[in-house]
Amino acid sequence: MTFAEALKKLREELNMTQEALARELNVSFATVNKWENNKTRPLRIVRDRIIDFGTSKGVSDEIMYTLRRML
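Quick note: to get this note's numbering, add 584 to the position in the sequence shown (first position is 1).
Keep in mind that a hint or two might mislead.
[Unchecked claim] Capping the alpha-carbon separation at 27 Å, the derived lysine-lysine pairs in BS3-like fashion look like this:
1. Lys618 with Lys593
2. Lys618 with Lys592
3. Lys641 with Lys623
4. Lys592 with Lys623
[Claimed, not checked] Here are the in silico distance ranges between beta carbons for each label pair:
5. Ala614 with Gly642: 23 to 29 Å
6. Lys618 with Met585: 14 to 20 Å
7. Asp645 with Ser612: 27 to 33 Å
8. Asp632 with Met600: 26 to 32 Å
9. Arg652 with Glu596: 17 to 23 Å
10. Asp645 with Ala614: 14 to 20 Å
Simulated from the structure, these hints should not be mistaken for lab results.
We put the CB at the ideal spot given by N, CA and C, even for glycine.
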């Protein structure tokens with residue numbers, strides 16, 4: 585599973601839109617869209633936010649493992 589796939593699965597597992605995830609991470613919709621389409625990767629500070637957010641929401645271990653490994 586790629587980072588882009590894992591991020592999308594995280595979002596879908598939480599029933600969130602790209603816009604909602606962007607608000608939670610304090611980034612733009614376009615940024616989340618680029619991550620999910622494998623056009624860019626998040627900066628280190630945002631990577632930490634993604635991990636913290638997923639962990640706090642109880643996202644599945646498989647997705648969190650992939651995100652930690654890819655970041």
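Outcome of the hint check:
no., hint, verdict
1, Lys618 with Lys593, "holds (15 Å)"
2, Lys618 with Lys592, "holds (11 Å)"
3, Lys641 with Lys623, "holds (26 Å)"
4, Lys592 with Lys623, "holds (14 Å)"
5, Ala614 with Gly642: 23 to 29 Å, "holds (28 Å)"
6, Lys618 with Met585: 14 to 20 Å, "holds (18 Å)"
7, Asp645 with Ser612: 27 to 33 Å, "holds (29 Å)"
8, Asp632 with Met600: 26 to 32 Å, "violated (19 Å)"
9, Arg652 with Glu596: 17 to 23 Å, "holds (19 Å)"
10, Asp645 with Ala614: 14 to 20 Å, "violated (30 Å)"
In terms of the numbered hints stated before, the structure departs from hints 8 and 10, listed from lowest to highest.
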